[in-house]
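Undergrad: Spelled out from the first residue to the last, the chains are:
There are 2 protein chains.
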Amino acid sequence: MYRTHTCGELRPSHINTEVTLCGWVQTVRKFGSITFTDLRDRYGLTQLLFNEQLNTRLDETPIGREYVIQIKGKVLERSNKNAKIPTGEIEVEVIDFTIMNVAATPPFTIEENTDGGDELRMKYRYLDLRRPMLKRNLELRYKVSRSVRNYLDTIGFWDIETPFLIKSTPEGARDFVVPSRMNEGQFYALPQSPQTFKQLLMVSGYDRYYQIVKCFRDEDLRADRQPEFTQIDCEMSFVEQEDILNVFEGLFKHVFEEVKGITITEQFPRITWDDAMWHYGNDKPDLRFEMKIQNLKTSFVHPSIEAPDHNIFCHALNGVDFKVTNEAESILAIVVPNASEYTRKQTDELTEWVKRPQIGMTGLLFVKCNADGTFKSSVDKFFDEDRLKDIANFTGAAAGDLILILAGNETRTRKATSDLRLEIGERLGLRNPDVYKPLWVIDFPLFEYDEEGNRWVARHHPFTSPKPEHIDVMINNDPKIAEAALFYKHPYNNIKANAYDIVLNGTEIGGGSIRIYQRALQEKMFAALGMSKEEAQEKFGFLLGAFEYGAPPHGGIAFGFDRLCALLGGQETIRDFIAFPKNNSGRDVMIDAPSSIDDQQLNELRLKSTV
Amino acid sequence: MYRTHTCGELRPSHINTEVTLCGWVQTVRKFGSITFTDLRDRYGLTQLLFNEQLNTRLDETPIGREYVIQIKGKVLERSNKNAKIPTGEIEVEVIDFTIMNVAATPPFTIEENTDGGDELRMKYRYLDLRRPMLKRNLELRYKVSRSVRNYLDTIGFWDIETPFLIKSTPEGARDFVVPSRMNEGQFYALPQSPQTFKQLLMVSGYDRYYQIVKCFRDEDLRADRQPEFTQIDCEMSFVEQEDILNVFEGLFKHVFEEVKGITITEQFPRITWDDAMWHYGNDKPDLRFEMKIQNLKTSFVHPSIEAPDHNIFCHALNGVDFKVTNEAESILAIVVPNASEYTRKQTDELTEWVKRPQIGMTGLLFVKCNADGTFKSSVDKFFDEDRLKDIANFTGAAAGDLILILAGNETRTRKATSDLRLEIGERLGLRNPDVYKPLWVIDFPLFEYDEEGNRWVARHHPFTSPKPEHIDVMINNDPKIAEAALFYKHPYNNIKANAYDIVLNGTEIGGGSIRIYQRALQEKMFAALGMSKEEAQEKFGFLLGAFEYGAPPHGGIAFGFDRLCALLGGQETIRDFIAFPKNNSGRDVMIDAPSSIDDQQLNELRLKSTV
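As you go down the protein sequences, you meet chains A and B in turn. For the record, in the first sequence the residue sitting at position 546 is 593 according to our numbering, with numbers rising by one throughout. For the record, in the second sequence the residue sitting at position 419 is 466 according to our numbering, with numbers rising by one throughout.
Please keep in mind that the hints were generated in silico from the structure rather than gathered at the bench. One thing to keep in mind: the hints can contain errors.
Repeated chains share a single entry, so a pair holds when one copy, or any two copies, can fit it.
[Unchecked claim] With a straight-line Cα cutoff of 30 Å, these simulated DSBU-like cross-link-like pairs (lysine-lysine) come out: (1) K182 <-> K128; (2) K571 <-> K300; (3) K436 <-> K370; (4) K261 <-> K182; (5) K514 <-> K119; (6) K300 <-> K190.
With the sequences and hints as input, model every part of the structure.
TA: What follows is the structure, encoded as structure tokens:
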């Protein structure tokens, strides 16, 4: 052993003992004839004191930042105690030292806040990983995985590995493919998820399966997506939706408790997809603050709310000679508490914000509900005081509040109102990363209509079961749609999936479903998605076959592990929670991959580049 | 929940309670007006009793093997108890049942011993996985991984994920490559091991890393190799060989204790590579039995043994006018205890065995040491009684033993004697799969000479450090060899690696080394392997760069997880310990992968098939 203790270990109880430490030189501070150094390793920092004799040696063989040294020394009580670090009560007076390895000057400072730019830090990732933030992140990641594994073990889940070299079945995202040398002209694909394999494990009777596993998607990378990412992948047999929600809510509570020290006793809220869209404008609502969307007028079909007057819910809109509100498909509002005194500058700024191309609205209407009970709006010309009061009543705005109103096409307006809600929440400091508000979103539509292909696509994936009460609708109707405009009227549009997402602070961190386990229903699903019988057989024959030999009812869920860690770390970018991430072009700039390969390698694979 | 209990759970304490069970119908046995059924799930078997009333329903909707059913029933004490299964004291009288899914007749029986052939079972792997043997194997695999993780956690190792899409560096085995769509004409490679990444993690200061991780090798598959396999991959900083051996010996003892209930208190034997070759003829000796190789004459250079008379150790060979022994480069023997009474038929059979092309010897000599003190040999014509006695003395054979002697070229003869030793051990029942004899093999040669390329190749890998005392020899000598015959005399031939293998029952289950951590030494290594400076920079520049910024001394080990599980399961084939293995052509015959892909996919990757 090169050391007797780590740099995070020594305490007053060690005073007067002789120790050997190894680590990296964090700082070198010379005071006259003595030198202080902080020595760093994974476990912490220890202050070293080089006395006068050793200073001569230090002059001959100087040590610098990031040098790796081994020291033998005696633990002393520190006169100048540092309460900020666990070893702050002691220091080690060096008796002897060895330079184990020298270090060139790092291209950026290796400290909590670095002066290094993104590119540079990615190239020297091995140095960036020395920074406390990244070390904390990877430690958190390990703790989360450990906590997940411990919990799942106690309730009988087995970690079972599924293959990485599988079959390409272009559905949804693009596969990464792997040419096979031994099977000429053929390709494996890397899994986008272990979906079909975990279902086969259920058919095999394995009952409770999980894996923390790499998955791959060859997508054009938006910011903060990675071509390879990690999933916590789970599946259970003989369960209904309720069982899955309970088991994995338990998992989350366990992880929160163990990793964050946060105890959540109450059940996570469960919100239907319809309600989420109705009240928040998206299917991953951030529940850290209320500020629900008020539906003044909308074409959105909410099953439990009947439009009293076509699609106008707020009567104040009726009989007003205002083109904008009359012609808008949807008019949606949010109420900003205590904001009636926003200045013209502030409301102008918000107007500019909604007009940005990412939001795409043409303008923003607002109603100030003054503290004195009067109203002032940007549409005073069309809406008299009574109507404004009606709007305030409808939206639940109180004196002192500000009502922000967006009008236009339903899809765009709802998205914009949702974005505006989040933006206002952000500006008001209501999106504290240390506050955690998990919830389940349930009852998703089973299908989405793809106008371009004039066909249904699976919202979750083709293995998701409809709600039991909708199976007949699915089986007994022809999925064909004569024309795009009629798709809202098609019975398939009302089929709900036996699917659920878990959402944390406005981010979807997991999703799953109860699966189809009957061959006939699975065949109907493939047909509904426009797959011919032959195609279905070629791609998924093994699964259809498996369903003939006694498939149990089953369901599961998968969590985005990278994202979950980032959220638990109170940060936004998953890249900082991955030891060796790729950049936005899918490149690892440290090892310089991907790269060209030898012609011989290509020849062996019977391939030719057309670049 | 579809069930209140599992099929392995009910005990006499449950008698008279009402339960709901789900599972697969294992057997249906009709006795007059009642029917017995065994219901199976992951947890066990429970006997069900369908009484007279329900039998009518069973006649209408019959249930068959592998049907999935749900039953409600009452737990009764069984009159005919079955001590072989944990639920054997009870049975469940069915009150109501539902057929959850029907099953076609399986293509083979789903029982301990099946009538299905290999091909068929691979195609219907999801049915084969229902068999108790495979279930036990996957359960064992999970237990081993769990035990490994638990142990490594307690001693401060962090599971840190390394990337799967890396860079192709053709060294050793062939890489699987992954064409990049976003980086035209370029390829990722799938890792053969996370070697360089785990070393970078040490440079980053992560101190103790592990991962249970998939690795990939595009090799022509010999029996029982898989293109994707799993490694337990570990690395530590500030350690020497001794530390690694102690830590991972601890891991093994923990796993043996926890998974097999076997307590090993003594230290694992440590045998140098030279000794292993000298005494056992291979570098992964099976220590479940002795029967060491006796070196009568050999050109093998064992460092601690000086040949008294050139390379003849057994004087009985001197002055004998026998061409075979005179001309042989090596003469090696093993002593089979209590086998002097082998019949002519038995010795003929052994002779045939060594003449098989896999062994490749031209014959087998033997000396019978009769119980009465006389000797009888197949070479009586050349060796008189005294000489036979000398041979018996030299080999340590006692009265009643049989000495088997092979002669010929050193390499082939040593290999053949090693094989013969194992074969005899097998025949004598000395290779009991329930007996475990782990050991370390240390002090491997650092280099092997590749005659074809007239260059040195790394025996372990290019990142392995020489023994500290051999670093100077490595640095100060030119690796070039004038001609192949001289390589034995080259100083590089005597350099020992700071490397170690762990061997269990004649199988290498893991290996590792202390790594090079100095740029200059690493560059010398690349040069010794025939890599140009430019090539080394292009392939491993990131690692050489990392060594400039304060790399600590470090080392590690990797275990073949599939093989380890097979050994702990007392079986030979790793395929039965992998949920979804590939066949010997690298195909998954269940999902039919690899397969052809769309031209569009190929076009997007800018590739063309030349098949």
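Undergrad: Hints first: check each against the structure and report whether it holds.
TA: Outcome of the hint check:
For a Cα distance limit of 30 Å, the shortest separation of K182 from K128 inside one copy, 25 Å, qualifies, whereas the shortest one across copies, 58 Å, does not. In this assembly of identical chains, the alpha carbons of K571 and K300 never lie at most 30 Å apart, being 38 Å within a copy and 54 Å across copies at closest. Taking the closest pair of Cα atoms, K436 and K370 come within 30 Å of each other only inside a single copy of the chain (20 Å); across copies the shortest separation is 118 Å, beyond that limit. Within a single copy, K261 and K182 get their C-alpha atoms as close as 21 Å, and across copies as close as 24 Å, so both meet the 30 Å cut-off.
For the homomeric pair K514 and K119, the shortest alpha-carbon distance between copies (24 Å) is at most 30 Å, but the shortest distance inside one copy (69 Å) is not. Taking the closest pair of Cα atoms, K300 and K190 come within 30 Å of each other both inside a single copy (14 Å) and across two copies (25 Å).
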